[in-house]
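With numbering that gives the first Met the number 0 applied, the sequence shown corresponds to residues 0 to 148, in that order.
Treat the hints with care, since some could be wrong.
As the list claims (entries may be wrong) - Simulated pairs of lysine-lysine, BS3-like, Cα-Cα distance not exceeding 30 Å:
1) K36 x K111
2) K120 x K44
3) K36 x K125
4) K85 x K111
As the list claims (entries may be wrong) - Computed beta-carbon distance windows for the label pairs:
5) G96 x Q75: 16 to 24 Å
6) A55 x P135: 16 to 24 Å
7) K32 x S109: 14 to 22 Å
These aren't lab readings, by the way, just hints derived from the structure by calculation. Note that beta-carbon positions come from the ideal geometry of N, C-alpha and C, so glycine has one too.
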Amino acid sequence: MKTTLKKNAVRCLFAITLLLLTSNCTNTGSANKKLIKDYYAAYEKKDWNMLQSLLAVGFTFSSPNDDHIKVDIYKQRCWPNAYNIKRFDVDKLMVEGDSAFVTYNGWTTSGKLFRNTEYFKFKDGKIQENVCYFGPGISYPNNTKKQGE
């Protein structure tokens with residue numbers, strides 16, 4: 000009888016531990032998904048203060064045009080694009096621990112489509128790094144697709 004109780008207690012403790020670990024990972028994943036959605040929302044709202052509040056100390060941005068630039072250069076080079084962006088439609092969002100990949104369609108205020116994939120790293124509940132991989136879009140001469148097509 001005692002052996003059966005011990006086995007059941009161990010199983011129960013194991014199940015509770017797994018549940019707690021899974022719950023913690025889910026909460027982190029949900030928090031990181033929210034950071035990403037808020038990041039894009041800041042561009043849609045043209046709200047630099049909102050965006051900056053999401054960025055960790057030491058944030059860097061990289062792209063085919065930028066190599067680990069700091070937030071002040073990011074604001075100077077990249078933020079002005081916010082005024083040409085109407086919205087982002089997230090196509091894929093995959094979060095694993097403190098990193099995530101996002102593929103989205105972006106729409107300019109003139110109705111043109113651009114598509115990028117971005118890799119995010121998180122630290123202490125903020126965005127530590129964003130690496131953007133440009134896809135086809137507004138910088139491509141053959142892009143004639145308009146919003147809604």
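Item to check | Non-conforming hints, listed in increasing numerical order | outcome: 5, 6, 7
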